[in-house]
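**Q** The listed protein sequences correspond, in order, to chains A and B.
One point on numbering: in the numbering used here, the residue at position 183 of the first sequence is 183, and numbering is uninterrupted.
One point on numbering: in the numbering used here, the residue at position 142 of the second sequence is 142, and numbering is uninterrupted.
Since the hints were made in silico from the structure, they are not lab data.
These numbers come from a predicted model, not from an experiment.
We put the CB at the ideal spot given by N, CA and C, even for glycine.
There's no promise every hint is true.
As the list claims (entries may be wrong) - For the chain A half of the interface with chain B, some residues (derived, Cβ under 7 Å), not all of them:
| hint | residue |
| --- | --- |
| 1 | 18 |
| 2 | 34 |
| 3 | 36 |
| 4 | 37 |
| 5 | 43 |
| 6 | 107 |
| 7 | 239 |
| 8 | 351 |
| 9 | 355 |
Said to hold, decoys possible - One side of the interface only, derived from the structure: several residues of chain B facing chain A at Cβ under 8 Å:
| hint | residue |
| --- | --- |
| 10 | 37 |
| 11 | 321 |
| 12 | 323 |
Stated by the list, open to error - These stretches of chain B come out as covered by chain A in the derived footprint (C-beta under 8 Å, 3 or more residues):
| hint | segment |
| --- | --- |
| 13 | 39 to 47 |
| 14 | 82 to 94 |
| 15 | 101 to 108 |
| 16 | 313 to 320 |
| 17 | 341 to 353 |
One letter stands for each residue in the lines below.
Number of protein chains: 2
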Amino acid sequence: MKGRNTVGLLETTTAQIVPQDASWRTTARGRLEQLTMPYWALGRLMDLAEDLAGITRSMQPPVTRRVIVTMASDHGVAAEGVSQYPQEVTAQMVHNFAQGGAGINALAQVGRARLVVVDMGVLGDLSPLVRAGKILSRRMGPGTRNIAHGPAMEREEAVRCLEAGIMIAQELGPSVDLFGTGDMGIGNTTPSSAIAAVFSGRPAIEVTGRGTGIDEARLGWKSSIVQQALDLNRPDPADGLDVLAKVGGFEIGGIAGLILGAAAQRKPVIVDGFISTAGALIAHALAPGAADYMIAAHRSAERGHRLMLDYLGKHPLLDLDLRLGEGTGAALAMPLIEAAARLLSEVSTFAEAAVSEAAP
Amino acid sequence: MKGRNTVGLLETTTAQIVPQDASWRTTARGRLEQLTMPYWALGRLMDLAEDLAGITRSMQPPVTRRVIVTMASDHGVAAEGVSQYPQEVTAQMVHNFAQGGAGINALAQVGRARLVVVDMGVLGDLSPLVRAGKILSRRMGPGTRNIAHGPAMEREEAVRCLEAGIMIAQELGPSVDLFGTGDMGIGNTTPSSAIAAVFSGRPAIEVTGRGTGIDEARLGWKSSIVQQALDLNRPDPADGLDVLAKVGGFEIGGIAGLILGAAAQRKPVIVDGFISTAGALIAHALAPGAADYMIAAHRSAERGHRLMLDYLGKHPLLDLDLRLGEGTGAALAMPLIEAAARLLSEVSTFAEAAVSEAAP
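Using the sequences provided together with the hints, build the complete structure.
**A** Listed below in structure tokens is the structure:
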């Protein structure tokens, strides 16, 4: 991003975000109620179809061209032993993404989505992958600082990683109808738990979970680190930038930016799991209207996710005990988005199909 | 089916059904535990991958060639006013399927599945659709008899509709990896509720739901009709044929047969919603091992479905307040089956991708 003039991009973008269009929602509901099936018989898919009409201002919501943007970064707090995996795994998994061997590579195929992997600040040299065109680089540095000892990043860095996400959404925008978020970063459930605690107002112990699968003892330790980061940094829940800078992460900022960029384009964005929802909370704090463009993919097995979704007023589509991240939940939700769009544009009404309606 | 020698097909088929292969399950689990992700981090998809290996005896479970078989039939009990739709809607909806305007037409696209519609006994003349190659005819007659006044069909007819389903599975088998069930039939939640009551041992009032959306008063009436059918016919839960004949339906028998046919071929079959699960209960009563080949698509909004799934030991993949039938839930589950198969065949292990494992 060096040399590009990004002054004001964050403010410009958040100012462009307006709510869903109520009249398109009403028009969609009118048609959905007349489809050749009992009233609202496809339940949540019909709610989603109404959302898609309100988001895209269309009765044929385009959702064919799909991308999952998986943001990777490292975290200084990994030094506290909050994960059971060594920090080098972040870079190793980015190589795995580039080679097509990870969970998200398989599931992006199911979602018929292109996968875009972004280095937001991974420890280690990923430049060969960048030169080979396998990943994008929007590096902020070799990981954040340790939130147990001070802020994750400067406020100016928080702006920059949000703007990196916004610009990726802008660059992809002309060829994308439907965005999905994803993350990779050893230790990143720790800042995500801190973000959940800040916005929900709950203590760390209620929102901190097992991440990659730590045991009870390490969970207690991790929760104490989250609480220490909150007590030390005192992030202000009324100031999304402050929360991101003090207890966030580069990939979390990138995800938040991607969501803002999608919302500004009036395109739906599927929010993956626990870490992506932390990004969604930052996006919501900066522009509450962005929530109108978010679709919650699934309820993560990670403790705290439910509280975060409730805070955003989102009911997730899937509940499959997933806790991987990478964008895997977003990819799995994509066929359901397609289903909702097809309901609106392809299914006949009672009148069109000459089917008798219910007795009054 | 006239003129075809089907003597013994039901017995032959049920005798071919053997449990999932435990050694393939073990091999699959061994690999899934080594995939480049935290232990079992894709939760229910990994359970499903293990099932697919046990079902297909393969580490590359084939699931690409898919069909939804939607069985349509009418029900004498509709005369009791148990539905809010007139009986003519069954035939009208079959026309709608043939014209591509129904919910299942849109959602079969999402599931990348071919749709096969079968007339098992619809009131009205559908022969133009049969001649046009739009639907298959396996007509048992113009609907069942009224279960509130006697058995739905003769025992011999129950055998015939099961065998019709088995033969469809056999005919489609060479070009199909993954089956899905579906139903259409005004009034068919009433026999399905009766079947649920028989096997669960619960009174009608606990398993009878609103179907297409009847009000409280009509729900009470419908429940009393279900109870009357049970009290009058006294179906024997130890005898699946007796249950089908006394309180079933032609499409329910066809669905049960399709499931048995798929299980005999060792192929996965996705069980759609409430009516399809009634068919699954009949199939299970005739060959308990068939349950090993069933995948429950979703939890229907219809009261009683949970009890039926619990009886079969099935945990559904989706919970989206669907209550349409037609195979729509099965179609929506197909991408999840694809995801599970891709996990097993496409994702690298830690060793293959040179990713560090968790600390012990």
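**Q** Do the numbers back the hint for residue 355 (chain A), that is, is its least Cβ distance to chain B under 7 Å?
**A** holds, 4 Å
**Q** Taking the closest Cβ pair, is residue 18 (chain A) under 7 Å from chain B?
**A** violated, 29 Å
**Q** Please check whether the segment 101 to 108 of chain B has three or more residues whose CB lies within less than 8 Å of a CB on chain A.
**A** holds (count 6)
**Q** Hold the hint about residue 239 (chain A) up to the distance rule: shortest CB distance to chain B must be less than 7 Å.
**A** It is violated, given that the least Cβ distance between residue 239 (chain A) and chain B is near 33 Å, above 7 Å.
**Q** Quick one, is the residue 107 (chain A) hint okay against chain B at 7 Å, beta carbons?
**A** holds, 6 Å
**Q** Grab the minimum C-beta distance from residue 37 (chain B) to chain A and call the hint holds if it beats 8 Å, violated otherwise.
**A** Holds. Min distance 5 Å.
**Q** Closer than 8 Å between Cβ atoms is the bar; does residue 323 (chain B) clear it against chain A? Give me holds or violated.
**A** Where the cut-off is 8 Å and the nearest Cβ of chain A is about 5 Å from residue 323 (chain B), the hint holds.
**Q** When the nearest CB of chain B is found for residue 36 (chain A), is that gap smaller than 7 Å?
**A** holds, 6 Å
**Q** Can we keep the residue 321 (chain B) interface hint, with Cβ of chain A closer than 8 Å?
**A** Holds. Min distance 3 Å.
**Q** For the hint on residue 34 (chain A), does the least C-beta distance to chain B fall short of 7 Å?
**A** violated, 12 Å
**Q** Report holds or violated for chain A covering the segment 39 to 47 of chain B, Cβ cut-off 8 Å, minimum 3 residues.
**A** holds (count 6)
**Q** For the hint on residue 37 (chain A), just tell me whether its beta-carbon gets within less than 7 Å of chain B.
**A** holds, 5 Å
The structure fails to meet hints 1, 2, 7 and 8 from the earlier list, while all remaining hints are met.
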